[in-house]
Amino acid sequence: MTYVDDRYNMTAADVFDLECTGISKEFGDFRAVDDVSFRIPSGTFFSILGPSGCGKTTLMRMIAGFEDPTRGDISIKGVSVLSTPPNKRNVKMVFQHLALFPMMDVYDNIAYGLRCAGAAKEEIARRVADVLERVALPDLARREIHQLSGGQKQRIAIARCMALNPDVLLLDEPLGALDLKLREAMKIELKLLQHQFDTTFVYITHDQSEALVMSDYVAVMNAGRFEQVGRPEELYHAPKTAFVAGFVGDSNRWKGRALEVRSDGIKVETDAGLSVVATAYGESPIAEGAAVEIFVRPEFISATKPGEPTPPAAGENEHTGTIDSVLFNGANSRVLVRSPSGTLIEADVVVTGSGEDVREGDPVRLTWARAQSMCFSV
Amino acid sequence: MSSDVKRLSLILLFSPFALWIVLLILLPHIGMVALSLREKVAPRVYEFGFGNYIDFINEPIYWNTLLRTGSMSLLVTALALLIGFPVAYYIAKIAGKRSRGALFLMCLIPLWVSDLIRAFGWILLLRETGVISSFLIWTGMTDHGIEFLYNDVTVIIGLVYTVILFMIVPLVSTLDGMGDDMIEAGYNLGGNSLTVLRRIIIPYAMPGIVAGCIVVFMLTAGSYLTPILLGGKNSSWFTEQIYDQFITRFNWESGAAFGFLLLAFTSFVVWLGLRLSGQSLTNTVART
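In order, the protein sequences belong to chains A and B. Add 743 to a position in the first sequence, counting from 1, and you land on the number used in the working numbering. Add 59 to a position in the second sequence, counting from 1, and you land on the number used in the working numbering.
Think of the hints as simulated: they come from the structure by calculation, not from any bench. Among the hints, erroneous ones may be present.
Listed below are the simulated DSSO-like cross-link pairs for lysine-lysine, each with C-alpha atoms no more than 30 Å apart in a straight line [what the hints assert, rightly or not]:
(1) Lys152(B) to Lys831(A)
(2) Lys820(A) to Lys998(A)
(3) Lys930(A) to Lys983(A)
(4) Lys1048(A) to Lys1010(A)
(5) Lys152(B) to Lys896(A)
(6) Lys934(A) to Lys896(A)
Quick look at which bits of chain B chain A covers, simulated, 3 or more residues with Cβ under 8 Å [unchecked claim]:
(7) 79-91
(8) 212-218
Here are the computed distance ranges between Cβ atoms for each label pair [stated by the list, open to error]:
(9) Ser952(A) to Trp171(B): 56 to 66 Å
(10) Leu67(B) to Gly893(A): 38 to 48 Å
(11) Gly989(A) to Ile261(B): 44 to 54 Å
(12) Gly238(B) to Lys820(A): 27 to 37 Å
(13) His840(A) to Pro262(B): 13 to 23 Å
(14) Gly238(B) to Asp772(A): 26 to 36 Å
(15) Asp816(A) to Pro262(B): 32 to 42 Å
(16) Leu67(B) to Gly1073(A): 49 to 59 Å
None of these values were measured; they are calculated from a predicted model. Just so you know, even glycine gets a beta-carbon here, dropped at the ideal spot from N, CA and C.
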């Protein structure tokens, strides 16, 4: 099964920076990567998103050449690289812990690859200065690695790879070790760096917000397979599988049974007894009486006080409940609402800080559109 | 009250170390220096002077022995590094987690047997009527027994065997601290096996290499048993000279001078090695 989308053929060039065809990797009986195919056009920020142990690191190590695939082919710029050793592939990698060489200073770290390639001394000096300029750290050439901050190390690790003009840059969760504030800043910075270098970035992460913010395309990976490849908004709004719906973004997630399947919607009763009108998603059809799973994103549920007008289109699902707790988080504040059936429903609210705000124990009316209840057969 | 207890426990903890340094290292050495600066002018009559050191310089056999001991110790150190590095690399980076402990233990096992017994083991193998010689006669490669003992090669083999563990241990511990991603990054950025070894693995392991070399060099230059047993009278190891002065000739003054000269010489070699490799004692020996 391949998820190669025709929209990838967006440019005249038929050569893709990176193309994997049916690659699998088995460790004994365990299949870490299972028949994965994808193509990445030039200059794309491509993320592979999946929970830990889904095979994404193995996939990346195969692209870099540290592992050989059991089956399948990997081509870079249209040429198969399976027989090329890792040091001859023009694929550079930013490691999870960066792997900067602690016994060399910044200049020597960046010059290492150029020296391996046999560049002349003046050429090395020029290229190092140039790449340091581009990552906006021109004065750090003679700094030792242990004197750099986390964000600077990150940029030096990228600069070290970019000095070699790679066809593809692989990034293996490089933001994992940073603290939250720096991580947020580096997300934007990575995206800007990718634009500036105009190189294909393949970014591996388990953090869906990193993938959504930075990527042009995201592949969601689970148990060694690609569940879906698409633009971030596509994955978010039109997931093809229940796994993608659950993994990308936050959702209210309920298991239930389809009571009635009609062309304009499916009537579902959840295990807890909540009845919901939903729309069928995914590839396998839903039969009446079948077990289903429903995902509703909190931002599509509007919580209004009784008596207030409700949004007109949102009236297809309507439930009343009481507010169990208010989860204040600035612009991303939520309420947890307990419905009469006992189900807890998460909904986004605006907390302004005035007396109008909802409080614990308030009665509230929740409404959302049928189209926003994504129903998958289990 | 509590600060007094703290101070007392600090003193108690520190005292064995202080006693050891002062009583067993500092005092004997001061005594040695004082002893070495006494000249015998008549029976039981001594004078202050540098006569013992001047004797050393005037007698070529003495300083030749010292230079010979130094250069052979350097050779032993180099050989121990050459053989120990691949072993340490295999234990730290290639062997699986489970076999690592077993391999390390196997390196340690020879230490459970005393130096003397191990040297006799070599003698058993290498003497004229020993295992190797007999084997060669049995295969018909030679018709009379061969004496493998009492030459420099045997001494060096025996010394390398005795000290190599002290090279492997610090090397394993530094190489263990190097992440696999460091090596992978070396390849990923275009390096071949030689560049990765030369530019990444060896510079990273440098503190361990230097620490191992210092320990091995000091142990070799100061060893007595192995050179004597395997090299016989021909070994001319400097420790043998010192032993001679003290025990055979009963010339303690000269023996003390020789002992002090050995210490000064080996310290100088170590200092030179540190200068040349750009390392310091604190980040090598003190770290492992």
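Here is how each hint holds up against the structure:
Our distance criterion of 30 Å between C-alpha atoms is met by lysine 152(B) and lysine 831(A), whose separation comes to about 23 Å. Of the pairs offered as hints, the one joining lysine 820(A) and lysine 998(A) is violated, with about 45 Å between alpha carbons and a cut-off of 30 Å exceeded. Restraint check for lysine 930(A) and lysine 983(A): satisfied, since their Cα atoms lie roughly 26 Å apart, inside the 30 Å limit. About 26 Å separates the Cα atoms of lysine 1048(A) and lysine 1010(A), which keeps this hinted pair within 30 Å; it holds.
Only pairs whose Cα atoms come within 30 Å are accepted, and lysine 152(B) paired with lysine 896(A) is accepted, the gap being roughly 25 Å. As the CA atoms of lysine 934(A) and lysine 896(A) are separated by approximately 17 Å, the hinted pair is consistent with the 30 Å bound. Here's how the stretch 79-91 of chain B fares: 0 of its residues keep a CB closer than 8 Å to some CB of chain A, so the rule of at least three is not met and the hint is violated. Counting residues of the stretch 212-218 of chain B whose C-beta lies closer than 8 Å to any C-beta of chain A gives 0; at least three are required, and the coverage claim is violated.
At roughly 57 Å, the beta-carbon separation of serine 952(A) and tryptophan 171(B) lies within the given 56 to 66 Å, and the hint holds. Distance hint for leucine 67(B) and glycine 893(A): a CB-CB separation of about 44 Å, consistent with the stated range 38 to 48 Å. Between glycine 989(A) and isoleucine 261(B) the beta carbon distance is about 49 Å. The supplied range of 44 to 54 Å therefore holds. Range check, glycine 238(B) to lysine 820(A): about 30 Å between beta-carbon atoms, so the 27 to 37 Å window is met.
Range check, histidine 840(A) to proline 262(B): Cβ separation about 18 Å, and the 13 to 23 Å hint holds. Separated by about 28 Å at the C-beta atoms, glycine 238(B) and aspartate 772(A) satisfy the suggested range of 26 to 36 Å. The supplied range of 32 to 42 Å is met by aspartate 816(A) and proline 262(B), whose beta-carbon atoms lie about 37 Å from each other. Distance hint check: the CB atoms of leucine 67(B) and glycine 1073(A) are about 56 Å apart, consistent with the given range 49 to 59 Å.
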